[in-house]
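Here the protein sequences line up with chains A and B, keeping their order. Numbered per numbering that gives the first Met the number 0, the first sequence spans residues 0 to 731. Numbered per numbering that gives the first Met the number 0, the second sequence spans residues 0 to 319.
Hints listed in this document are in silico derivations from the structure and should not be mistaken for laboratory results. The beta-carbon is built from N, C-alpha and C at its ideal position, and this holds for glycine as well. Among the hints, a few may not be true.
Said to hold, decoys possible - If we take Cβ atoms under 8 Å as the criterion, some of the chain B residues that face chain A in the derived model are:
(1) Glu48
(2) Trp52
(3) Gly63
(4) Thr185
(5) Ser316
As the list claims (entries may be wrong) - Now the in silico label distances, taken between C-beta atoms and shown as ranges:
(6) A:Glu226 to B:Gly294: 37 to 43 Å
(7) A:Gln317 to B:Arg95: 45 to 51 Å
(8) A:Leu179 to B:Ala137: 37 to 43 Å
(9) A:Ala316 to B:Gly294: 42 to 48 Å
(10) A:Gly181 to B:Ser69: 31 to 37 Å
(11) B:Arg314 to A:Glu226: 17 to 23 Å
(12) A:Leu179 to B:Leu139: 21 to 27 Å
(13) A:Gln317 to B:Gly245: 45 to 51 Å
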Amino acid sequence: MTISPAIRRALLLFTLLAAVGVVGLWSALWVQHGASRGLPYRDAFAKGKADEWKALGGTWELADGAMRNDSDERGAKLVTGSAYWRDYSVEADVMLLGMGGDAGLILRSSDEEQGVDTYNGYYAGLRTIDQTLVLGRAGQGWAEVANRLGVEASAVTPSQWYHLKLVAVGCQVAASERPLSGGEGTTIAVTDERCLESGRVGLRSYASGGVWRNVEVRPATQAQMAEMLVAAASRQARVEQEQSLERESSWEMYASAPGTGAAAAPSSPNVQVISSLRTMPRLNPQMATVRGTVVLASPAVFVQDATGGVAVQQAAAQSLKVGDEVEVTGKVHTSPFSSVMGEAKVRVLWENTPMPPVSVTASQAATGAFDATFIEVEGRLASKERGAGESLIFNLDAGPQSFRTVMNRGRGDSLYNALKPGSMLRLRGVAVADPAYTHDLVPFALLLRSSDDAVVLAGPPWWSASHVLAVAVAVLLLAMTANFFFHRMESWRLRAVLEERERMAYEMHDTLSQSFAGIGFQLKAIREGMPSDLPKLEQQLTLASELVRHSHEETRRSIAVLRPDQPGSDGLLSGLTECARRLVEGGSVRIVTACTGEVARLPLRVADMLYHVGQEALANAIRHGQPRMLEITLAFDKEAVQLRILDDGSGFDSGDEQSGFGLRGMRKRTADLGATLELRSRPGEGTEVSVRCSLRALKTASPRAIALSRIPWRQRRHVTDSDGCDSNSYRG
Amino acid sequence: MIAALMVSCLAGCRGDGSGSIAVIPRTSGTVPWEPENVGAQSAAAELGERVYWNASTREDDIDGQISLVSRMRPGMYKGLVLAPDHALALITPVRRALASGLPIVIVGSPLAIPAGGNLTYVLNDEEEGGRLAAARVAALLHGKGTVALLGVDPDIAGILARAESFERHLAAEQPKVTIVVRRLGTFNYAHEQEAVETVLREHPDLNVIVALSSTATRGAISAIDSSPHRQAVRVIGFDPESLPFGSACLDAMIVQDSRGMGDRAIRLLHARFKGEPFPPSILLRPLLVTRETVGSVAVREMLYTRWRPGYTDLRRSATP
């Protein structure tokens, strides 16, 4: 089998394109999967940017140039980076906010979900419960090795900064800790035989909350790992020398862990439920004590129990975390729907996992029954705006109600920019009826803990005004394109039809027409040579001649109909000459042609008109004038074209011209294009037909004329026939 | 075409939970439920199964657990082991999962769905738990005294069952021991502590507190420890999040065998995958843990939380 060069070239081109595509794809994947893509990395917390971080649980927000998780949630995570990072180190300054858990860094993490140990990765953290630097591996479970800090280093203390570093090279993972306030640190290193080879970095806290800053991720080398291993071994040797006991991964890991919270203290007397605060006197605020869980720590503190919630204005600033179980004593200021405990003293009793929200509808929340309560509600985003103090405000509609949400800018910029009006949102936050937040525009406002409390359930409806306009434009363009291709196809089809008709016309001319002409000449010769005493035979010959002439005319008309209507300017003169030659074929008529002036390209409709008028004039001259000479002249000047058909035949009295249908047809054709037709003839002096058409005048020709000229030939013929035009003869 | 094949391969080759058995406890990272993970992982490693382990971070986060269960469908997971957070709210999600053809083993506390077909139960023997608590009270009080029953939670069917069992056994065996208080429980430590303080004020002669939930147990211990004059009151707790025997008031803990539940559930599902029918409900006996037995092998085995069974654990690196 042989392959043509064209196919070979096409195959080669396809192969080249495929190769380029494959190489490009592999390059993109190689870059995407690069073990050091995006490294080194340094956080932009100080600049208020953290769009690249993804939260899984917790209340992660930027505050004072650091990332803060004000939540006691167990296993709250914030991750970033590439899943393909392999050997690298991550380090940061870390501060614990509570006594009951740990906070630290994640490395080589993947498959993260919300939950306690729901990620595959390594974690190193500082744990307050047993005063340890803990290093372990999570994977929907947890295994660890821990160094007790109390042996030779500063103890783990909340609200103190520590510098934490976590390194992984191959299957060795090491972590070190150093108090920023001074003092000796500790290092721990483990080997994991079936290690995780790559993954993202993350921040994590377990039941304590925390603050992170100066997060840096760098590629790590074996030499760096060796340094860590030496430090860990040195520390291990000292511990063994001091015969201190190591706390290895133990069975009671969780059994001893949740000793969270401050030392137990008795409840204050006269503790009351929060809902009872609303019945306290308004005019004379009184002191009260309640117990509850912190459901919001910023921008205001809200405490909730099983009966309701209350806003708390602390007498002295105290760091509280969402989930803290507290006892609050303060002066109660009541309003119709809410209560505020002013000048309040807050005592943290326990550190607990944040409580889940109460799911309500906007209509339920609008009753005020859930004021100061942590709720979950759905609504459709109507608009968004930036509020005072860098707050972000979303205005939402939910059925007959409207409400608004308020949250700190923090990590919310990306959410704010991404959300489109019309989106359906599920929001979690503390409902407040306080006019300071609602501005008396809506029945309640929702104070979000972080941007993660807003979840997009569905984007805006697709049928927006801009989309409808886009669809309309697209449909229009599509219609125009379809129309273009339809006409192109119609044009191609018509061209094919015309070509076939032209072929048929030539076929008829070369066979039928020639035969009729020959028969006609023969009959004429017989009649001229026939004795005059045979009138009956002469009459029959005359009848036969008429029949042949008529048939010849019909054939000629059919040929004229079948031939292409648009000879074009270049072929006009040659077309008329050819027409004359065919008409006088077998005779001795001399045909003279001339073309003067600078030949210009004629519009098709002008050439078409000139051809038909000239054809008719030639046919009439030969049929009725018995000329010996025919002169066809085409003259061009700057503004017009003129066609002249002159013969030296018998001529006629031009006063009879009105009776000829052929002449009327010629006048009609010329009038349609604003041209002039002149006919000069006298008996015995021949005939001159002259057509002059102004090319400039075409621009102002009648709409009908132009429209008519654009109608396909079949339709045009129908139109002219209906006008009574007949190209048979102008001589009757 | 090659590029399309590569893209489809990359899309299809991503790891997911397909083929795993999902194990969803009431919460995770706590003593009552982490051993279930160990039991499930051990059995799965032995049987060649894989386990997906996740839970909401609070036992009362019912919506969170419903959300997790709603994700469980055949094709994504082979089976489900669930410790329901609520006796009623989980019925519909579980029924829907069953209707989709997912085999399910309910552990810990039952739902109001009869076992059969693709559903079975591996439950804590609440009757035995109640009996153990009653016997311990009897041993403490020697036939006469007062008891407060705290942490009654109708949301968890098992807690009601253990309360009934305790009262029945106590009445039968110690008729002169009186239950003077019965209180509903919450998942709020402060409220539980406050409730116990109220009980102690109202019943100064109270001898024993039986706390039916981990929160109630913690609140009771905290309230007594913060009240120096009440040190004589003893606490018997259930489902502890920790074993704080450092507190003098804590007498005993009744711990359910969640490790055994995880193990049995995985084995039942594995057999079910092979076409074997589920057996009727299985009851696992809880264990009474006292200050004397807390370090015993039995307790260590039951509360073992070491992860990655069958694998080499992390070990300290040697000097380079």
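Hint check:
1. With a cut of 8 Å, the hint placing glutamate 48 of chain B at the interface with chain A is violated, because the nearest CB-to-CB distance is about 14 Å.
2. At about 4 Å, the closest approach between the beta carbon of tryptophan 52 of chain B and any beta carbon in chain A falls short of 8 Å, and the interface hint on this residue holds.
3. Residue-level restraint check for glycine 63 of chain B holds (minimum Cβ-Cβ distance to chain A is 7 Å; threshold 8 Å).
4. Interface restraint check for threonine 185 of chain B: the shortest CB-CB distance to chain A comes to about 6 Å, inside 8 Å, so the restraint holds.
5. Given hint, serine 316 of chain B at the interface with chain A, holds; its Cβ is 4 Å from that chain's nearest Cβ, closer than 8 Å.
6. A beta carbon spacing of about 40 Å between glutamate 226 of chain A and glycine 294 of chain B agrees with the range 37 to 43 Å that was offered as a hint.
7. The hint said 45 to 51 Å for the Cβ distance between glutamine 317 of chain A and arginine 95 of chain B, and at roughly 46 Å that hint holds.
8. Between leucine 179 of chain A and alanine 137 of chain B, the C-beta spacing of about 57 Å breaks the proposed range 37 to 43 Å.
9. Restraint check, alanine 316 of chain A to glycine 294 of chain B: a C-beta distance of roughly 45 Å satisfies the suggested window 42 to 48 Å.
10. Taken as a hint, the range 31 to 37 Å is violated for the pair glycine 181 of chain A and serine 69 of chain B, whose Cβ atoms sit roughly 52 Å apart.
11. At about 20 Å, the CB distance of arginine 314 of chain B to glutamate 226 of chain A agrees with the hint of 17 to 23 Å.
12. Between leucine 179 of chain A and leucine 139 of chain B the CB atoms are about 51 Å apart, so this pair departs from the stated range of 21 to 27 Å.
13. Separation of glutamine 317 of chain A from glycine 245 of chain B is about 28 Å and departs from the stated range, judged on CB atoms against 45 to 51 Å.
Violation of the numbered hints given earlier is confined to hints 1, 8, 10, 12 and 13; the remaining hints are satisfied by the structure.
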